[in-house]
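Spelled out from the first residue to the last, the chains are:
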Amino acid sequence: QAGLTQPPSVSKDLGRTATLTCAGNRTNVGNEGAAWLQQHRGHPPKLLSFRNNDRPSGISDRFSASRSGNTASLTITGLQPEDEADYYCSAWDVALTGWLFGGGTRLTVL
Amino acid sequence: EVLLVQSGGELVQPGGSLRLSCEASGFTLSNHDMTWVRQAPGKGLEWVANLYKDGRGTFYADSVKGRFTISRDTAKSSLYLQMNNLRVEDTALYYCGRESVGTIGTTAFDFWGQGTLVTVSS
Numbered sequence: 028q029a030g031l032t033q034p035p036s037v038s039k040d041l042g043r044t045a046t047l048t049c050a051g052n053r054t055n056v057g058n059e060g061a062a063w064l065q066q067h068r069g070h071p072p073k074l075l076s077f078r079n080n081d082r083p084s085g086i087s088d089r090f091s092a093s094r095s096g097n098t099a100s101l102t103i104t105g106l107q108p109e110d111e112a113d114y115y116c117s118a119w120d121v122a123l124t125g126w127l128f129g130g131g132t133r134l135t136v137l
Numbered sequence: 454e455v456l457l458v459q460s461g462g463e464l465v466q467p468g469g470s471l472r473l474s475c476e477a478s479g480f481t482l483s484n485h486d487m488t489w490v491r492q493a494p495g496k497g498l499e500w501v502a503n504l505y506k507d508g509r510g511t512f513y514a515d516s517v518k519g520r521f522t523i524s525r526d527t528a529k530s531s532l533y534l535q536m537n538n539l540r541v542e543d544t545a546l547y548y549c550g551r552e553s554v555g556t557i558g559t560t561a562f563d564f565w566g567q568g569t570l571v572t573v574s575s
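Chains H and Y supply the protein sequences, listed in that same order.
With my numbering applied, the first sequence corresponds to residues 28 to 137, in that order.
With my numbering applied, the second sequence corresponds to residues 454 to 575, in that order.
Just chain H, with the same shape it has in the complex (with noise of 0.2 Å):
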């Protein structure tokens, strides 16, 4: 099954900001958006964001997730050196009846 499309890396400075991309199709991220997780080394997916910045309770809103056409971000602000981690975009295809990830990409605070 095809997949959503991230940048593998993406690197800022401490306290700047960062946008993530997720790039799908109009039968995955083009109808209802995608989700955002974390994910640190060595523990478990944490949702950061329903579809359609919807983001959960406890969630920082230095998070916030937006969409435009076909693609998703992820924009977290102020980063802080505990952002450093591996970030997936998901979403539910229509087409495919079923869900997607992305390849991943990992942020790295400088």
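I should point out that these hints are in silico values taken from the structure, not numbers from a laboratory.
All residues carry an ideal CB built from backbone N, CA and C; glycine is no exception.
Hints are all accurate, no fakes.
Where chain Y lies over chain H, by a calculated footprint (3+ residues, C-beta under 8 Å):
id, segment
1, 72-78
2, 116-126
Pair ranges (Cβ atoms, derived):
id, chain 1, residue 1, chain 2, residue 2, range
3, Y, E542, H, H67, 17 to 27 Å
4, Y, I557, H, R53, 14 to 24 Å
5, Y, G479, H, R68, 23 to 33 Å
6, Y, G558, H, S87, 18 to 28 Å
7, H, T44, Y, E463, 43 to 53 Å
8, H, T44, Y, G468, 44 to 54 Å
Given chain H, work out where chain Y should sit, using these hints.
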């Protein structure tokens, strides 16, 4: 507190079978769609299977269709993944997850188990 506690991962030979378990607490299993997602060593997340909250509707990734079966036992508050005809490429850390609806109607996996390692090797 929502918890998903997994068990069942081990070393198995190619062609063998294994059943993974995921015991849920802090919520009612029949109120949520549930999922299995795997992560091969050093790789990204790969969706494996979903079970509708009605306990009957199932969806599978092409890579496991016909070999894996997702199911649940509501009396035991447990989700299962029966894996048959295992292949070397099924080696991964397997996570169970809960799917929930957000405040504006879209869904995502909001709670995850700790993961259980399945190694397929001769």
